[in-house]
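Take the sequences, apply the hints, and build the full model.
Just so you know, the protein sequences line up as chains A and B, in that order. According to this note's numbering, the stretch in the first sequence is residues 1 to 250, in order. According to this note's numbering, the stretch in the second sequence is residues 1 to 407, in order.
Worth flagging that the hints you see were computed from the coordinates, not collected in a lab. Errors might be hidden in some of the hints.
Simulated crosslink set (SDA-like; lysine to any residue; CA at most 25 Å straight-line) [what the hints assert, rightly or not]:
1) A:LYS102 to B:THR348
2) B:LYS367 to A:SER43
3) A:LYS102 to B:GLU45
4) A:LYS153 to B:GLU369
5) A:LYS102 to B:VAL47
6) A:LYS102 to B:LYS331
7) A:LYS102 to B:ASP312
8) B:LYS367 to A:GLU116
9) A:LYS110 to B:LYS24
10) A:LYS102 to B:THR355
11) A:LYS102 to B:ARG372
12) A:LYS102 to B:GLU403
13) A:LYS153 to B:LEU356
14) A:LYS102 to B:LYS24
15) B:LYS331 to B:ASP312
16) A:LYS110 to B:VAL47
17) B:LYS367 to A:THR99
18) B:LYS24 to B:GLU55
19) A:LYS153 to B:LYS331
20) A:LYS102 to B:ASP385
21) B:LYS367 to A:GLY94
22) A:LYS52 to B:ASP354
23) B:LYS367 to A:GLN114
24) A:LYS153 to B:LYS367
25) B:LYS367 to B:ASP385
Short, incomplete list of chain A residues facing chain B, as computed with Cβ under 10 Å [to be verified]:
26) PRO37
27) ASP54
28) PRO89
29) MET98
30) PHE100
31) MET105
Predicted, not measured: the structure shown is a model, and the values here were computed from it. Note that beta-carbon positions come from the ideal geometry of N, C-alpha and C, so glycine has one too.
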Amino acid sequence: MLEIRNLHARIAEDGTEILKGVDLTIEAGKVHAIMGPNGSGKSTLSNVLAGKDDYEVTEGSVLFKGEDLLEMEPDERAAAGIFLAFQYPVEIPGVATMTFLKAAMNAQRKARGQNELTTPDFMRLVKEASGKLQVSQEMLRRPLNVGFSGGEKKRNEILQMTLLQPSLCILDETDSGLDIDALRLVAEGVNALRGPERSMLVITHYQRLLEYIVPDVVHVMSKGRIVKTGGKELALELEKSGYAEFVDAA
Amino acid sequence: MNVQVQRVETPAELKLASQFAERKDALVGADTLGAGRAAAFARFEAVGLPHRRVEEFKYTDMRARLREVADAGETQVTLPDAQGGVRVTSLAEALASDGAAIAERIAERFTGFDSPLLDLNEAFASAGAVIDIAAGANVAEPVRAGFAHPAGKRGDSVALYSVGSGASVTLIEKAGSADGGAQGGHVSHVDVADGAKVTFIRHVDAGAQGVHSGGLAVTVGANATFDLLLVVSTGELVRTDIGLRFVGGDAVANLRGLHLAGSTRHVDTTLFVDHAEPGCVSRELFKSVLDDRARSVFQGKILVRQKAQKTDGKMMAQALMLSDDAEADSKPELEIYADDVQCGHGSTTGRVDDTLLFYLMARGIPKREATRMLVSAFAGEVFDDLDEAVAEEFSAVAEEWLERHLA
Ligand SMILES: Nc1ncnc2c1ncn2[C@@H]1O[C@H](COP(=O)(O)OP(=O)(O)O)[C@@H](O)[C@H]1O
Ligand SMILES: [Mg+2]
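Structure follows, in structure tokens:
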């Protein structure tokens with residue numbers, strides 16, 4: 001599904017290198033977790049995968065379903081099946097949530113050569129998905145994320161993920177700012193999407209989320225590189241010993 | 001106005017003077033309007049076309065920009081359809097039946113600042129409409145009038161609106177000529193009586209080469225509400241002078257405008273709000289979306305007179321640039337003589353926000369469409385609170401403009 005080789009990326013504006021040779025392979029149907037201290041480059045990696053042009057890739061390659069991901073525009077990546085649930089979802093005044101959802105779904109369908117959704121079909125899909133995530137009709141009527149609480153924003157990200165049915169879901173600290181009930185809801189939403197054709201990259205600072213979304217593989221990221229890889233027990237180890245070992249070692 | 005008296009001297013000014021001399025006796029209503037027209041032209045002649053050293057024209061040098069004056073032509077007025085509570089007469093009819101009263105209404109134009117351009121309009125306007133809304137009328141359909149200036153020629157029009165007490169109505173006017181190259185102006189006087197509720201929309205569609213200098217003179221009575229939307233979607237040079245005075249207390253004015261300009265267009269709206277009575281609320285929100293080398297100017301002044309306690313006045317100008325070469329100027333001014341007031345102003349200029357653009361693109365929306373969504377969202381704020389059908393009609397104008405301007 002995803003093959004990252006020796007990926008180096010720097011901040012376009014000032015040239016600071018953030019990713020310093022990331023290697024990561026995710027097979028179809030697998031859930032990988034990346035843990036690591038703040039500032040280690042987790043969000044940068046997810047943004048580079050989604051195509052944010054604040055960053056310049058200086059070395060390395062990323063293949064997604066065998067295609068060169070780095071050559072694609074962000075919208076092409078999304079249509080190809082990449083979805084990033086943002087750590088900090090933005091507020092967009094003046095763009096109604098429903099209008100946005102429909103535009104996104106139809107843009108992706110169009111890029112894949114499918115027909116646009118009819119309004120009744122669209123409404124039905126949104127109703128189903130939003131009900132499960134407890135995203136209210138009232139929220140859907142508001143401008144995108146405007147006035148949403150932190151938890152509502154995160155649920156809205158998972159709602160989008162559910163509607164867009166991506167093949168690689170990248171969750172960047174989706175657990176931050178969630179209380180335990182919201183965390184369960186979000187985890188259920190994510191787990192419902194697990195399947196043999198869908199992979200996930202779950203970025204988190206805490207082990208807690210991984211009790212609900214159980215990963216196949218856990219990586220530790222520090223100072224722009226993956227410094228350790230193991231099974232789900234690695235997350236528990238980290239919970240006990242903390243990141244100090246890696247911060248010093250890297 | 002801080003300008004020395006000067007003679008009319010540029011070729012454009014001289015041509016206007018000779019046009020006035022030739023036409024004044026033949027213009028409709030010469031017997032009743034003649035004196036007022038002569039006085040208006042004399043005011044114009046005393047200063048000529050305003051140039052950038054005239055404070056109100058600092059950003060819009062009419063003398064430099066209006067080098068050639070077109071020959072006079074016929075303005076086409078489209079009168080509103082008949083409906084209950086609305087009385088419509090053409091200017092010519094109204095002058096024939098009620099000349100003295102009409103002359104008085106025209107002479108009473110309130111803008112709060114000298115405008116040689118509106119004086120010119122007054123001197124030449126020979127087409128127009130008189131639209132009166134009966135007291136207490138709840139007018140169902142929007143009242144629509146059109147003032148199309150002649151392509152390649154010069155034309156001036158005037159509309160007199162009065163809205164009786166307690167009436168509620170939406171007035172929509174289209175000014176200018178999309179056929180191109182027209183010069184001229186359209187000036188409306190709107191008298192809003194106590195307790196009336198008026199939505200007033202002007203769409204200036206002056207065509208690619210059009211020069212339009214329009215005006216809006218509004219008085220708002222006690223407890224009345226006046227909502228304005230000014231949309232300028234085309235015109236090489238469009239200047240709109242707006243004056244609004246509260247003549248009764250506890251009234252509300254929401255004044256909104258949208259300048260859409262590309263190429264080398266220049267759109268200037270200059271506004272004066274006179275809080276002459278206590279307890280009134282005024283909100284000004286003027287937005288511009290600018291492409292290429294276009295320039296937008298918004299000048300707004302709020303005057304709060306000594307007796308106008310509990311005034312609440314806020315003014316905001318926002319520009320969104322689609323190109324590096326566009327320019328937006330805003331000059332807000334507050335002049336406050338009362339002590340218990342809340343007034344403020346602000347302005348912003350920016351480009352489409354990259355972070356928001358990335359978010360939309362990361363969901364699969366292509367750049368052009370994502371940009372369109374964000375620009376529409378920016379512009380769309382001026383349509384908030386309008387009746388849904390009317391909001392749709394004018395957001396379609398903005399969408400159509402955007403379709404043409406997004407790369
Ligand atoms: N666009 C940016 N501009 C400036 N600094 C950045 C930018 N993106 C990331 N950084 C810096 O790069 C480092 C890694 O950030 P980030 O990827 O957000 O870490 P993490 O998500 O692991 O906490 C931090 O020091 C952060 O301040
Ligand atoms: Mg982060």
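Structure-based check of all given hints:
| no. | hint | in the structure |
| --- | --- | --- |
| 1 | A:LYS102 to B:THR348 | 30 Å, violated |
| 2 | B:LYS367 to A:SER43 | 22 Å, holds |
| 3 | A:LYS102 to B:GLU45 | 59 Å, violated |
| 4 | A:LYS153 to B:GLU369 | 23 Å, holds |
| 5 | A:LYS102 to B:VAL47 | 57 Å, violated |
| 6 | A:LYS102 to B:LYS331 | 40 Å, violated |
| 7 | A:LYS102 to B:ASP312 | 40 Å, violated |
| 8 | B:LYS367 to A:GLU116 | 19 Å, holds |
| 9 | A:LYS110 to B:LYS24 | 63 Å, violated |
| 10 | A:LYS102 to B:THR355 | 20 Å, holds |
| 11 | A:LYS102 to B:ARG372 | 15 Å, holds |
| 12 | A:LYS102 to B:GLU403 | 20 Å, holds |
| 13 | A:LYS153 to B:LEU356 | 15 Å, holds |
| 14 | A:LYS102 to B:LYS24 | 60 Å, violated |
| 15 | B:LYS331 to B:ASP312 | 19 Å, holds |
| 16 | A:LYS110 to B:VAL47 | 60 Å, violated |
| 17 | B:LYS367 to A:THR99 | 16 Å, holds |
| 18 | B:LYS24 to B:GLU55 | 30 Å, violated |
| 19 | A:LYS153 to B:LYS331 | 38 Å, violated |
| 20 | A:LYS102 to B:ASP385 | 24 Å, holds |
| 21 | B:LYS367 to A:GLY94 | 18 Å, holds |
| 22 | A:LYS52 to B:ASP354 | 9 Å, holds |
| 23 | B:LYS367 to A:GLN114 | 20 Å, holds |
| 24 | A:LYS153 to B:LYS367 | 23 Å, holds |
| 25 | B:LYS367 to B:ASP385 | 29 Å, violated |
| 26 | PRO37 | 25 Å, violated |
| 27 | ASP54 | 8 Å, holds |
| 28 | PRO89 | 7 Å, holds |
| 29 | MET98 | 13 Å, violated |
| 30 | PHE100 | 7 Å, holds |
| 31 | MET105 | 8 Å, holds |
Consistency with the previously given hints fails for numbers 1, 3, 5, 6, 7, 9, 14, 16, 18, 19, 25, 26, 29, ordered from lowest to highest.
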